[in-house]
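Trainee: Kindly generate the complete structure, drawing on both the sequences and the hints.
If you want the building blocks of each chain, they are given just below.
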Amino acid sequence: MSDAPAMGTCDEGLEMLFEARFPARADRLKLVRGSMWAAARMCGFSDSMAQNIVLAVDEACQNIIVHGYKGREKGEILLSVLRTSEALHVRLRDFAPIVDPKSIRPRALDDVKPGKLGSYFIREIMDSADYQPSPDGTGNLLEMIKRMEGAPW
Amino acid sequence: MSDAPAMGTCDEGLEMLFEARFPARADRLKLVRGSMWAAARMCGFSDSMAQNIVLAVDEACQNIIVHGYKGREKGEILLSVLRTSEALHVRLRDFAPIVDPKSIRPRALDDVKPGKLGSYFIREIMDSADYQPSPDGTGNLLEMIKRMEGAPW
Amino acid sequence: MVNNPANQEPNVIRLKGDIDLEHSPGVRKSLLSAVQREGTLFVDLSDVTYIDSSGIACLVEALQVARADGSDLGLVSVSMQAMRVLELARLDMVFPIHDDLDAALSAKT
Amino acid sequence: MVNNPANQEPNVIRLKGDIDLEHSPGVRKSLLSAVQREGTLFVDLSDVTYIDSSGIACLVEALQVARADGSDLGLVSVSMQAMRVLELARLDMVFPIHDDLDAALSAKT
Ligand SMILES: Nc1ncnc2c1ncn2[C@@H]1O[C@H](COP(=O)(O)OP(=O)(O)O)[C@@H](O)[C@H]1O
Ligand SMILES: Nc1ncnc2c1ncn2[C@@H]1O[C@H](COP(=O)(O)OP(=O)(O)O)[C@@H](O)[C@H]1O
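Residue numbers (the numbering used here), protein chains in the order written: chain C, 1 to 153; chain G, 1 to 153; chain V, 1 to 109; chain H, 1 to 109.
Please keep in mind that the hints were generated in silico from the structure rather than gathered at the bench. Note that CB positions come from ideal geometry on N, CA and C, so glycine has one too. Some hints here could point you the wrong way.
[To be verified] Here are the simulated DSBU-like cross-link-like pairs (lysine-lysine), alpha carbons at most 30 Å apart as the crow flies:
(1) H:Lys-16 with C:Lys-102
(2) G:Lys-70 with V:Lys-16
(3) H:Lys-16 with C:Lys-116
(4) H:Lys-29 with C:Lys-116
(5) G:Lys-116 with G:Lys-70
(6) C:Lys-74 with C:Lys-116
(7) G:Lys-74 with G:Lys-102
(8) G:Lys-116 with V:Lys-16
(9) H:Lys-29 with C:Lys-74
(10) V:Lys-29 with G:Lys-74
(11) G:Lys-70 with G:Lys-102
(12) H:Lys-29 with H:Lys-16
(13) C:Lys-74 with C:Lys-102
(14) V:Lys-29 with G:Lys-70
(15) V:Lys-16 with V:Lys-29
(16) C:Lys-70 with H:Lys-16
(17) C:Lys-70 with C:Lys-116
(18) G:Lys-102 with V:Lys-16
(19) H:Lys-29 with V:Lys-16
(20) G:Lys-116 with G:Lys-74
(21) C:Lys-116 with C:Lys-102
(22) C:Lys-70 with C:Lys-102
(23) G:Lys-116 with G:Lys-102
[Unchecked claim] Quick list of simulated restraints, FRET-style, between CB atoms:
(24) C:Val-66 with V:Leu-32: 50 to 56 Å
(25) G:Asp-27 with H:Arg-90: 34 to 40 Å
(26) G:Thr-138 with H:Asp-92: 51 to 57 Å
[Stated by the list, open to error] Which residues of chain G face chain V? A partial, calculated answer using Cβ under 7 Å:
(27) Pro-23
(28) Gln-51
(29) Glu-59
(30) Phe-121
Mentor: Here is the structure:
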């Protein structure tokens, strides 16, 4: 985490709610879920929608831990939670090998099997989830957007 | 937040649980409380001690918002939560004017009045709360330590 | 935050949610105006999920205003977290504390 | 996490806490060995505070092992969050779901 001061709002009219940085390990996800829920509530989402948003973000972190870093101990995840007047934006930055978005295929709906649920939940819950160019070309930057209930579009 | 990868453990055998960065505003404190509680639980503290630790950290953040930044909108707070095998370490970094620790005087015990409770709670709950030299000489770095229940000292 | 159903005793104030730096200013106003209007007041904390020094400060200030007027301010249904914070502040012996509203209202008469 | 009081039906498994990436591997083992031992199983979710895809995957795998053996796996006291996740996964019609243990055990016989 750099020591640079000054922020609170940043690019494109996005207001920063909070950022978190944590080791890419299964036992750290619970540390982030509570903050994520409170941030979603702060944006006016209902309790159950806030819980869904927590699930989507948790699933995206799990994918980074399991498929990106493949359990390597030194990996880390940066979570940035921002909002505009119309939507919640969640950004996940990692330093794992670059993901080919085409390799992420959620399961078929009528296919009852144990895996491939994570990316399916993310798409069901969020309005979008797209890989953006990472600031320095290394790793990945996944941006998930959820429009606020009652937002005009 | 810098994009530097590699971490998870850092100086002096301290293991990083998570870091958070957030604008120094009253409405952001709730975003941090849930994570702080989960981190304290992860260290083996009881539910009620974890709630006390949340209170101490919240009070220290409030002091930064109210007395440090004096409500200035652009201030930010960096929270680092670390542990050794024996204690939980919570570090709060701000970029407000440098605090004279002697100016922080908790209330007298038998003095029933509305203010000066925050620093008193911090001292009652944590084993120590001391200002450390900040990495670049600007702002403040408050380190609070709470020994784990059952730790040898 | 303050939550007062219409069919409730006028001298009972029900707080709810997190009484923290964000919400204490509003709570302070409600408590002070209720004390001025009603005299003796009961503050029901059953739905309070969190309270910090700023919330405790509101209660202490309202208590002092009440007592200066010969009234009082009692706390009702104090949660575990709130009780721990009151104890930390050594205020658990300063406020009258009642298990529930019935106990509070009968203690009053 | 798995929590089985001694005085409970052997074919009832009570999960508790967060069934997430951290705890699913342990839950998976308990479910699979219980299915192998007991045949038809009831999984009580009353104390589950959170479940994610890794938790759902354990349940689906145990269900499939049970059904391959001619047994079944029923869910009991499913929380709101867990039910929403099952619905998202379109699995709410795949598992037998019971309001409580009495309903589950009488449905069995
Ligand atoms: N962050 C990621 N890095 C690399 N591959 C990924 C990532 N996220 C998803 N994938 C790929 O997409 C597939 C589907 O992911 P998901 O639906 O979450 O199911 P599961 O994690 O159970 O395999 C994964 O199996 C993996 O191949
Ligand atoms: N981070 C800080 N920056 C500057 N002054 C501080 C800081 N923290 C505490 N203080 C000083 O210490 C005093 C006592 O703080 P505290 O016990 O939290 O009570 P209160 O915030 O109600 O005044 C404050 O009034 C302030 O003068």
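Trainee: The structure should be examined with respect to each hint, and the outcome stated for every one.
Mentor: Evaluation of the provided hints:
no.: 1; hint: H:Lys-16 with C:Lys-102; result: 36 Å, violated
no.: 2; hint: G:Lys-70 with V:Lys-16; result: 27 Å, holds
no.: 3; hint: H:Lys-16 with C:Lys-116; result: 24 Å, holds
no.: 4; hint: H:Lys-29 with C:Lys-116; result: 20 Å, holds
no.: 5; hint: G:Lys-116 with G:Lys-70; result: 16 Å, holds
no.: 6; hint: C:Lys-74 with C:Lys-116; result: 25 Å, holds
no.: 7; hint: G:Lys-74 with G:Lys-102; result: 26 Å, holds
no.: 8; hint: G:Lys-116 with V:Lys-16; result: 24 Å, holds
no.: 9; hint: H:Lys-29 with C:Lys-74; result: 27 Å, holds
no.: 10; hint: V:Lys-29 with G:Lys-74; result: 27 Å, holds
no.: 11; hint: G:Lys-70 with G:Lys-102; result: 19 Å, holds
no.: 12; hint: H:Lys-29 with H:Lys-16; result: 15 Å, holds
no.: 13; hint: C:Lys-74 with C:Lys-102; result: 26 Å, holds
no.: 14; hint: V:Lys-29 with G:Lys-70; result: 21 Å, holds
no.: 15; hint: V:Lys-16 with V:Lys-29; result: 15 Å, holds
no.: 16; hint: C:Lys-70 with H:Lys-16; result: 27 Å, holds
no.: 17; hint: C:Lys-70 with C:Lys-116; result: 16 Å, holds
no.: 18; hint: G:Lys-102 with V:Lys-16; result: 36 Å, violated
no.: 19; hint: H:Lys-29 with V:Lys-16; result: 42 Å, violated
no.: 20; hint: G:Lys-116 with G:Lys-74; result: 25 Å, holds
no.: 21; hint: C:Lys-116 with C:Lys-102; result: 14 Å, holds
no.: 22; hint: C:Lys-70 with C:Lys-102; result: 19 Å, holds
no.: 23; hint: G:Lys-116 with G:Lys-102; result: 14 Å, holds
no.: 24; hint: C:Val-66 with V:Leu-32: 50 to 56 Å; result: 54 Å, holds
no.: 25; hint: G:Asp-27 with H:Arg-90: 34 to 40 Å; result: 38 Å, holds
no.: 26; hint: G:Thr-138 with H:Asp-92: 51 to 57 Å; result: 55 Å, holds
no.: 27; hint: Pro-23; result: 13 Å, violated
no.: 28; hint: Gln-51; result: 5 Å, holds
no.: 29; hint: Glu-59; result: 6 Å, holds
no.: 30; hint: Phe-121; result: 6 Å, holds
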